[in-house]
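Undergrad: Next come the chains, spelled out residue by residue.
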Amino acid sequence: MSAVRTLDESAPPATTGVDDFGGKSTGRALTDQLARVVMWAAFVIALIPLVWILGTTVLKGGQMLLDASWWGNSQSGITARRVGGGAVHAIQGTLIQAFVTALISVPIGVLTAVYLVEYGRGRLAKTVSFMVDILTGIPSIVAALFIYAVWVVTFGFQRIGFAVCLALTMLMIPTVVRSTEEMLKLVPNELREASYALGVPKWKTIMKIVIPTSFSGIVTGVLLGLARVMGETAPLIILGPYTKVIATNLFDGLMATLPTMIYQEYSENLQPAVDRVWGAALTLILIIFLLNILGRFVGRFSKVRN
Amino acid sequence: MAKRIDVKDLDIYYGDFKAVEGVSLTVEPRSVTAFIGPSGCGKSTVLRTLNRMHEVIPGGRVEGKVTLDDQDLYASSMDPVAVRRTVGMVFQRPNPFPTMSIRDNVAAGLRLNGVKNKKKLDEVVERSLKGANLWNEVKDRLDKPGAGLSGGQQQRLCIARAIAVEPQVLLMDEPCSALDPISTLAIEDLINDLKSQYTIVIVTHNMQQAARVSDQTAFFNLKATGQPGRLVEVADTQKIFSNPTQKATEDYISGRFG
Ligand SMILES: Nc1ncnc2c1ncn2[C@@H]1O[C@H](COP(=O)(O)OP(=O)(O)O)[C@@H](O)[C@H]1O
Ligand SMILES: [Mg+2]
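First to last, the sequence lines map onto chains G and B. FYI, in our numbering the residues of the first sequence are 3 to 308. FYI, in our numbering the residues of the second sequence are 1323 to 1580.
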């Protein structure tokens, strides 16, 4: 939507009285028109896949979500051939893993960003920043295999939900660091100086002035990072195989998630299973959508309080 | 309460760049000293060394001596945070904390330093806002955001915030340069009132303002382009504006350069 607003604002002023200045040159008017058309076209083209995906998913998976058992049951005892059952086991797994991933990643990521923006000077800061860049570029399958190598091969542990969280943490930390860093940099230096000038120590300035000022931005960044991580599939396939039953213990046994449910049901290639693929996909989109709304809400809320 | 400032042979650096050289001056308690001079000659830089804000900038350091009454501000035992509680500062652009209400802005210095007693805080908020001539305008909306005030009101809010921590000295870096003439006069009146309690140093680009508000005026200038800034002359404002000793001062205040 913001693209539309930008276009409106860039509209030329009303042309009354322009004669006095010799009018607008036709060449410039033409360029303006052309740029306008190109921007609209780009906007629409960018929108097509989004609308398409959303439309298809809602059309094909909407029916599943309207069934109360979707939100109440697991797939326990349901074969691919049969309709019925629900996605509770997968929804729970996704939420639990996302929560624990955030619990580990957010403190590490935010503190790293605070270090980089507020304290980091010289070699160490450059090294940390470089490492974060490298982490950002790691494909999720590599993160998954790394955790697999450490967790299963080196230590000989079982594949459990917590191992998935560790891999997802590797993917989430750099996004939290980068987004938080951007938000902290947006806080004007004048506010820090105003606080120092009141005799407030630096750490307190960061805790009470800098972070609250950028709070809604940080939360939005965290939620977006979380949304991205929730849809990751490679770590789940490698570290957290699917199960049809409800399992809430991260430290024992298998745990279902929406992406692995999609992957599993997809491989069945039977209509009831395919329906469940669309249902699970729509559910995942819905959760991520709600996360985004929550992000907006938190941002709005913190502004009102202020 | 107010304290005397003594600056002796002060050199100020940004990393390897020497921005200001050889400043010596004395500021009497309960007086207003104005810093004037062309842009870039180091007025803000000197001002910021008086409450150790200069070293907040990476590479910022000083050589020389600054004493407040008889305390050496740059002694190794001196805590810069404590110095800043004693020497308050108001900046060029009004900078209220955007996440805080008017009340919380004024109380920020005390609250962030651990004062919790609500009654005391309310007292301080009222006293400081009155001290900054802002109380009547905002008393009915203390819980509204500080950023919602006009520029002049915001600047007075910043002054209220600075005096709420009861400093001995108040530094002001071009406090009116972002304000309209009416708000400027309001701030100048305020400076006149505050003078009875605080030692005030104000940087200003406005010669009339220096003449109106200050008892003493210090004229800074660059030695030459690319050279560090230095203090050319400091004397009673009367004398600087009627009978300066230095030719450069006379040229500057009569508008021949700068
Ligand atoms: N943060 C900074 N880093 C490096 N140099 C600076 C910084 N701030 C100011 N300077 C330099 O110090 C000199 C004095 O600047 P300043 O004190 O701001 O002058 P004034 O306030 O008189 O206009 C200028 O040459 C300026 O470029
Ligand atoms: Mg300046």
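There may be inaccurate statements among the hints.
Here are the simulated SDA-like pairs of lysine to any residue, each with C-alpha atoms no more than 20 Å apart in a straight line [as the list claims (entries may be wrong)]:
hint : chain 1 : residue 1 : chain 2 : residue 2
1    : B       : Lys-1452  : B       : Val-1378
2    : G       : Lys-206   : B       : Lys-1452
3    : G       : Lys-206   : B       : Ile-1379
4    : B       : Lys-1561  : B       : Ser-1346
5    : G       : Lys-210   : B       : Lys-1561
6    : G       : Lys-204   : B       : Arg-1578
7    : B       : Lys-1438  : G       : Trp-205
8    : B       : Lys-1452  : B       : Ala-1469
9    : G       : Lys-206   : B       : Ser-1423
10   : G       : Lys-206   : B       : Arg-1433
11   : G       : Lys-210   : B       : Lys-1517
12   : B       : Lys-1517  : B       : Gly-1453
13   : G       : Lys-128   : G       : Leu-113
14   : G       : Lys-210   : B       : Val-1378
15   : G       : Lys-206   : B       : Val-1437
16   : B       : Lys-1517  : B       : Trp-1457
Everything labelled a hint here was simulated from the structure, so no lab data went into it.
Undergrad: Taking the hints in turn, state whether each one holds.
TA: We went through each hint and held it up to the structure:
no.: 1; hint: B:Lys-1452 / B:Val-1378; verdict: 31 Å, violated
no.: 2; hint: G:Lys-206 / B:Lys-1452; verdict: 28 Å, violated
no.: 3; hint: G:Lys-206 / B:Ile-1379; verdict: 18 Å, holds
no.: 4; hint: B:Lys-1561 / B:Ser-1346; verdict: 18 Å, holds
no.: 5; hint: G:Lys-210 / B:Lys-1561; verdict: 47 Å, violated
no.: 6; hint: G:Lys-204 / B:Arg-1578; verdict: 44 Å, violated
no.: 7; hint: B:Lys-1438 / G:Trp-205; verdict: 19 Å, holds
no.: 8; hint: B:Lys-1452 / B:Ala-1469; verdict: 19 Å, holds
no.: 9; hint: G:Lys-206 / B:Ser-1423; verdict: 19 Å, holds
no.: 10; hint: G:Lys-206 / B:Arg-1433; verdict: 11 Å, holds
no.: 11; hint: G:Lys-210 / B:Lys-1517; verdict: 31 Å, violated
no.: 12; hint: B:Lys-1517 / B:Gly-1453; verdict: 11 Å, holds
no.: 13; hint: G:Lys-128 / G:Leu-113; verdict: 16 Å, holds
no.: 14; hint: G:Lys-210 / B:Val-1378; verdict: 18 Å, holds
no.: 15; hint: G:Lys-206 / B:Val-1437; verdict: 14 Å, holds
no.: 16; hint: B:Lys-1517 / B:Trp-1457; verdict: 19 Å, holds
Against the hints set out earlier in the document, violations occur for numbers 1, 2, 5, 6, 11.
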